[in-house]
Amino acid sequence: MPGLATTEANTSASAFSMVSFDICETYASFLKNEELSPPLAAILALSKLIETSDAGTMLELVKALNDGAGALKASTSNPISLNAGCELFIAFVTLLPHDSASFSDLKLELVRQGQKYAAEALTYRDKIASLALGFIKDDSVILTHSYSRVVMKTLLRAHERKRISVYVTEARPRGLGLRTYEELTAAGIPCTVVLDSAVSYVMDKVDFVLVGSEAVVESGGLINAVGSNQIAIIAQAANIPFYALAESYKFHRLFPLSQYDLPTHTSNILSFPLSSGGNVTSPPTAGGIKFFHEKSTNAGCIRQMTPEQIACNPGVDYTRWEN
Amino acid sequence: MSATATITMSALPSKSTIKLAPAQSHAEASSSQAQNQPPKSQKQMTKTERREQQERQRAAKAATKAAGPQPGGSNQNSAQVKKGAPPAASTSASVKKGGKGPDGKPTKDTKETTSDDSARGLRIFSHFGLPKPPGPSKGDIHPAIIRLGLQFSEFKIVGANARCIATLTAFKTVIQDYVTPPNNTLSRHLLTHLSPQITHLVSARPMSVTMGNAIRELKLEISGSDIDLPEQDAKNLLCQKIDDYISERITIADQVIQETAGTKIKDGDVILTYARSSVVEQVLVGAWDDGKQFSVVVVDSRPMLEGKKLLSVLSAMGIPCTYLLLPSIGSVITEVSTVLVGAHSLHSNGAVFSRAGTALVAMMAKQHSVPVVVCCETYKFAETIQLDSFTKNELAPAGDIFSSFPLTRSRDTLTLNKQLNLEILNPLYDLTPPSSITAVVTEVGVIPPSSISSIPLALGRTTL
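Those protein sequences? They're chains U and C, same order as listed. With the numbering used here applied, the first sequence corresponds to residues 64 to 386, in that order. With the numbering used here applied, the second sequence corresponds to residues 7 to 470, in that order.
If you're looking for bench data, these hints aren't it; they were derived computationally from the structure. Do not take every clue at face value.
As the list claims (entries may be wrong) - From the derived model, a few chain C residues whose C-beta atoms are all more than 10 Å from chain U:
id, residue
1, R57
2, E223
3, K225
4, Q288
5, P326
6, G336
7, E400
8, L428
9, I453
Said to hold, decoys possible - Result set (EDC-like, lysine to aspartate or glutamate): computed pairs, CA atoms no more than 20 Å apart in a straight line:
id, chain 1, residue 1, chain 2, residue 2
10, C, K247, C, D183
11, C, K298, U, D324
12, U, K179, U, E246
13, U, K111, U, E98
14, C, K272, U, D324
15, C, K315, C, E160
16, U, K170, U, D117
17, U, K170, U, E150
18, C, K372, U, D324
The C-beta atom is built at its ideal place from N, Cα and C for all residues, glycine as well.
Extracted from the complex, chain U is given alone in its bound form:
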């Protein structure tokens, strides 16, 4: 999910960056464009860094890029997808076969390529949407999780030609599923909000599950908003297809061995509060929100389900006894 650099991080980050160029600010300004996801904004920010850099050799330039990427990573609490974009661009810079006359020519070429890539990358969501159309049959019931731009594009595109209805999970605590609900309803697609805990209740009504992604990792797994793993496990148990949509710049060289091996995992997460009143570092609830929480561009509004939406949801569910 897009994140802004907090003011404290900004001042510390500027220590890393060039005198007149603040990479975190540049990154933040790029992120204001709703269409750009963190990795793309990172690539554009790094291209800008090359533009304004006074490095004379490749080594210096790569070092500057690495410092910039480090600063960006430090400024946000969920750096995974951002990291993917940074690493992609830095690898591209190092491996580009160049026959430029001078180093400044090379820098210009790199900047140009970076901007060209970002511009082209904006078309990826459309491409994915048209490819995904083949998986969506007429009169499908789709379950999706939280808010994803690529899934939105796909659903809106499908709605142009086919009839679909969508269940979307609330995706607490930020309630981004409700944003999906608002946008889909505005487009005329029948949509219902489902409690995160009611996914197994609704699973048998669903034809397939469609989610976006923050990153695709080397083990072949997916990193996405919390709750996606639960939905995937339930879908597998119910033999419902689970589709994930991911742009190519989200592929990451990470290989998490378990949930606790993710770069976003800290010792705070899901830790028990200390019993003595004196040395409590932070109560778990605050720590949990710190993990998820990235102030969104619309001033951190946390959506909640309305009582009517809650009334649509079940109160109890049934666990089968089976092996």
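Given chain U, work out where chain C should sit, using these hints.
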């Protein structure tokens, strides 16, 4: 006339009738019956009768064969017994020793049929390559190779990396001592010169995948060596190439693996490892030197008990260690955060061929959702596909000859010896299926086991 198997060291004069093991008593009983009837053709006989005829013919052939070279045979057998040799031979030899009484012939018959019996018992594992002392060397084998062969056969050098490095180092000596015969080129003749050396090593102990890959590279280098180069220069170049191979694909690869796998170790982790892998040892030592606080569980198994050496190395560094044997792994697995194991070889279907017992550890860990990380250099990749532990394996020599630690009882009492109707089978390797492995750490990165075949492509190579 039923028969019981009675082989005793004190030779009782046995009757002239053949004394057979219980399994063959049925055949014996029916064969006497068949003698009363006129001989039938094979088609007319029933299956049991055909089998009995076959048994009789085999016994008769063995008896006539033993009649001839018997004195020579017994000498050879007793010599083999002294060397602690293959189980089948030793059983028959001990039988022979006991049966060597005044009645030479009947006891000889007894010996033959029982050795037949025990050989049949081990037959299904005969392709495992029983450990044997290296035979007489044909052709001129370089003394370094002879020494190496002896070290291999006595398991003084164990482990895929160690064996490969020792082999390549020995070959460097061989190459330096080699002189091209006149009217010949180094690139062609050196290969033929090396072949008997390699054969000698293989006869001592079957070649490991690492040795195979390294030797293949070496042969490629030799055949590609420049004809115009003066001989000493060519030899120096080859030795340099060997050094580069060892350095690049083993030593430096191990360092990269140490750093990569080290990032997977966090403070407070409990790392479980099995037997002794040189790479895992390096990873743990490196992570400890970096200041990470973790503890290690070393799981070990007989007969090799290699974990003891790893335990001593880790404890000397101050790492808190727990040591246990394989059967008790179920009690500790819930406390473990990660399993780190090494490999003998990795196969294209993602399976890991490693010390016997690794598969149990990996499957147990998977059951308990503990990630299993295999540390392996890319040169250990074999392009073959292996589906089970059975088709290709090796047997460890019987007896606990590998532990150098002081024992509480004499070594003989701890050693399980072959007896009649008891075969000792100690496979050295087993296969861990790719489903039990979470990740493979190589010097080119962390990869899921299913992607192994894509590694050469990533390295820009066409072959491994």
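Inset, instruction - Could you check the structure against the hints above and give me the numbers of any it violates, in ascending order? - result: Of the numbered hints given earlier, those the structure breaks are 9, 12, listed in rising order.
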